Amino acid sequence: MELNAFIIFIAAIFTSNILLTNFLGMCSFLSVSREVESSLGLGLAVFFVLTFTTAINYLVYHFILIPLNIIFLQYIIFIIIIAAFVQLTEMVIERFSPVLYYTLGIFLPLITVNCAILGVSLFMVIRQYDFLQSVLFGAGSGIGWLLAILALAGIRQRVRYNFVPIGLQRAGLSLIITGLMALGFIGFSGIVVIQ
Amino acid sequence: MIKKEIFVTSAITENSVWKQILGICSALAVTNLMLNSLVMGLGVIFTLALSGFTISLLRKFIPKRIRMMIQTLIIASYVIIVDIFLKAYFPEISKALGPYVGLIITNCIIMGRAEAFAGKNDPLDSMIDGIGAGVGYTMVLLLISFFRELFGFGTLFGFQVLGEWWPKWSIMVMAPSAFFMLALLIWVIEGPLAKKRVN
Amino acid sequence: MEKGNRNFSDRRFYPVFFMIIISIFFIGLLATFYYFTYEKIENYRITNKKRDILDLFSIPISDLNSDFDDYIKEKRVNDQVYYIATRDSVILGYCYEINGEGLWGTIKALLVFDPEFKSLQGLEILEQNETPGLGGRITEKWFKDQFKDRDLVKNNKIISLQLVPEGEDNTGNKINQITGATSSSRAVVRLIDKEFAKIVQQRDLNYD
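Residue numbers (the working numbering), protein chains in the order written: chain Y, 1 to 195; chain U, 1 to 199; chain V, 1 to 208.
With the rest of the complex left out, here is chain Y (with noise of 0.2 Å):
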């Protein structure tokens, strides 16, 4: 792939966001995204973990799997190298900040099912991208979701004391808004095609 490294980075976060572009890594962004902290913790822990698994994922996709033929193994190996690698964001977050740990409760072991780092991971693949490439669309993507949970985040908090019909509190608002700024979004697409 020729583009520039940086600007597949830059793309990640802005013109093709994993989650409101492409639409993956919606679950703990709808739940957890109800306080500013957790939102900023558990955005910080998916960067975390999307940043190493994709490179690590490189590799292996590079030097496993395609020398010994068994592509075919792909989604398994990825998918078990983000759930380890998820296991110990855990545990250091667990060390760290028991905090945060019981406030993201059953969402961080979720991470692992988070379709966004399965789904950049795959993408590295597709796109063929080189090790610098495949590690800053990791990071970028990362930063992407991060801003994502983060702005929704910040829109709930803010209208948290607006009236709301009793049927939309929570997941309905936060489903409206996030097709709000998904629609936004769209208006990114086509100034920098990464794919």
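Keep in mind the hints are simulated off the structure, nothing from the lab. One thing to keep in mind: the hints can contain errors.
What the hints assert, rightly or not - To give an idea of the interface, some chain U residues facing chain V are shown, with a C-beta separation under 7 Å as derived from the structure:
1) Asn32
2) Leu33
3) Asn36
4) Arg59
5) Pro63
6) Arg65
7) Ile70
8) Ser77
9) Ile84
10) Pro91
11) Ile93
12) Pro99
Since the structure is predicted, the reported quantities are computational estimates derived from the model, not experimental observations. Quick reminder that beta carbons are idealized off the backbone N, C-alpha and C, glycines included.
Chains U and V: place on chain Y using the hints.
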């Protein structure tokens, strides 16, 4: 718990999509057409049943520290086996399911049920819970895709329902509409239920 | 029977041991499935490809394999596979097998060029992983038919294909894209342009 209760709980009362807000990624991607929702739903039901059963069988042996990795491994294996099986014996269906394999593996519902139910209950109950969750999920998806396909393409399951006169709503074809439809769905269901709770 | 103070499952290495056992079991299960069905899936793929190639040249099929051997010859240049179709010693055209990046995955397709490499005579999608119902519509007949009889060269200059919205005029070098699936439509066109440029270079054709 009696079997019927388990099923109803996971399919309706504690519905994975509108109550627990799980499985949203796929709900956005596949609800553009009813056929896609059905294929995805069947794949998810199947995986939920098998993985629920297996994880429940092994639950006493799985060490706490590597719980996630084991569950992920089991779930992913089943999904890929189904994919390979379809590719070999039902290639046309496999072509429809192909793009979704990754989405099923990372479907939060499957992991969610494994954590919340299969890890603590016996195999048959877990399988019923899994099937219930899958059926509930499929129902929601079919409902959303009903409107999206009807207004976006004028068809239902590929059959032309609205004639040429219908100006196809492009927004229904794009993903953000799924957000709005799902929000609408939650509003319609949660509204009366929440009012009942407040009273 | 007396048990020790610590059960087997409390030992330090138990998680690793368990993980390895389960991994071996499930990956072994997967690999078994894969290798058992590998040939069947491969055969299916090759049969379909042969049928697609014969259809692209409008060659009637009575016995797939013998018809294929009669009319089509496979050639290989570096990594590129292409097929020459001949009938009664006249070359009908060249069919190139190409692959490139789509939106969600790799798109594999067959492109047919006339014997002089001046126009595109057909397109068939072999494999794609685009969004079903949207990008997936690149497999629909109306979309593929647009790539029949398209001049790629005029007055010795290469014409690149241009995408226009669905419903608009699609003559000349204009191709109707799929509404709501511009990325996938664009991917196909980009694939064609890139491939043609490569062929022009490979065969030393004197176009600008």
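Hint check results:
no. : hint  : result
1   : Asn32 : 5 Å, holds
2   : Leu33 : 4 Å, holds
3   : Asn36 : 5 Å, holds
4   : Arg59 : 12 Å, violated
5   : Pro63 : 4 Å, holds
6   : Arg65 : 5 Å, holds
7   : Ile70 : 6 Å, holds
8   : Ser77 : 4 Å, holds
9   : Ile84 : 5 Å, holds
10  : Pro91 : 6 Å, holds
11  : Ile93 : 12 Å, violated
12  : Pro99 : 5 Å, holds
Checked against the numbered hints listed earlier, the structure breaks hints 4, 11; every other hint is satisfied.
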